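Participant: Please build the complete structure, drawing on both the sequences and the hints.
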Amino acid sequence: DADIKQFFKNHLNTPLNIAIVPNQNCSMAMKKYAISKDIFEAIDDAFNEKLRSKIDILMCNEFITFNKIVIGDLDSMNQFLYKDMSIYAKVKKVFSNLKNIKFNKYTLTTSKEQQIQTVATAITVLEYDDIAKTENVLSIHDGKLNAFILAPTSLLSYIVYILSMFFYQKISLFSLPKSLGFIKASKLSISSNTPMDYKLDNDLLSAKEIELYVIQDGINLHLGKAFESKVKNDDIKVDEKDSIKVNSLPAGEMNEMLINRGLPLFKKAAEDQFRELFLSLRGSAKFSYVFLTLMILSTLLATTGLFANSAPVIIGAMILAPLMAPIVSLAMGGG
Numbered sequence: 061d062a063d064i065k066q067f068f069k070n071h072l073n074t075p076l077n078i079a080i081v082p083n084q085n086c087s088m089a090m091k092k093y094a095i096s097k098d099i100f101e102a103i104d105d106a107f108n109e110k111l112r113s114k115i116d117i118l119m120c121n122e123f124i125t126f127n128k129i130v131i132g133d134l135d136s137m138n139q140f141l142y143k144d145m146s147i148y149a150k151v152k153k154v155f156s157n158l159k160n161i162k163f164n165k166y167t168l169t170t171s172k173e174q175q176i177q178t179v180a181t182a183i184t185v186l187e188y189d190d191i192a193k194t195e196n197v198l199s200i201h202d203g204k205l206n207a208f209i210l211a212p213t214s215l216l217s218y219i220v221y222i223l224s225m226f227f228y229q230k231i232s233l234f235s236l237p238k239s240l241g242f243i244k245a246s247k248l249s250i251s252s253n254t255p256m257d258y259k260l261d262n263d264l265l266s267a268k269e270i271e272l273y274v275i276q277d278g279i280n281l282h283l284g285k286a287f288e289s290k291v292k293n294d295d296i297k298v299d300e301k302d303s304i305k306v307n308s309l310p311a312g313e314m315n316e317m318l319i320n321r322g323l324p325l326f327k328k329a330a331e332d333q334f335r336e337l338f339l340s341l342r343g344s345a346k347f348s349y350v351f352l353t354l355m356i357l358s359t360l361l362a363t364t365g366l367f368a369n370s371a372p373v374i375i376g377a378m379i380l381a382p383l384m385a386p387i388v389s390l391a392m393g394g395g
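Using the working numbering, the first residue of the sequence shown is number 61, and each one after it goes up by one.
Derived by calculation from the structure, the hints in this document are not laboratory data.
One should not assume that every hint holds.
As the list claims (entries may be wrong) - No more than 30 Å apart at the CA atoms, straight line, and that leaves these computed lysine-lysine pairs for DSSO-like:
| hint | residue 1 | residue 2 |
| --- | --- | --- |
| 1 | 238 | 259 |
| 2 | 259 | 65 |
| 3 | 238 | 327 |
| 4 | 159 | 268 |
| 5 | 65 | 110 |
| 6 | 285 | 110 |
Model, not experiment: these values are computed from the prediction.
Facilitator: Put into structure tokens, the structure is as follows:
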């Protein structure tokens, strides 16, 4: 695997057509590109022009990545390694993860120079879904990397995530678990004030800053038959935009809360969120022409309902009257 990575690096963006033959020492390359273990089938695929395709290459600090990069808590983002475990072993592993959960501060900078400061227990970066096991197809030709950020804000949300990953073992990009953030970009920089321990394929490394980027169509490679359908669609390329789904990630005061106090049983609101609530309540308590207009209209409607002896009209006037927000503001002010 190391020799193949070096060979790829030496021949990036060249017209050379490359094929891989099976070898017990290159299991990652064989798995990633679906190379047959049968030498004769692999050689047939190597001479099959229909299986030749330009593929993306994921780089991490100038190193080529076949599998994925995992930063932080390796166990919580590697549940797929335990798919053959017994139920008892899986439950035991779940409680082990709960006991050892730890948060670290990270600064993530995307290719659009958007900066995200958050805390997380782990970050996984990969290229496409044959490794990710997602419910959605991640292209091998879009020039994008896919980063999953695990940052639960409560013990309950973390338990739900762990159980779903151990037993369901799939992620939907359209409805991500609340504990996960997702970034799809051509480039991603991850930095921290302290050295980050991370795993690049099978190598354990450490660094304060990790630069990740994708070289689009960097190598001409003969793939295995499992990729035949994807190779046929090579001409249909979609220029996908960056996708950033990080609304569920902790930020601001919540970061310090998780670092210093650990994971609470239920999600706690930070002061920033309370501040927005109080500003909204204060605005609701203020007199305005909109409030006055609605009150006049609702009074006229209620009067009409009384003279017409119509309960539905009176109920309609109650609904129109903007009294609930001032009542809530009064209750909060009294508290």
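Participant: Could you check the structure against the hints above and give me the numbers of any it violates, in ascending order?
Facilitator: No numbers; nothing is violated.
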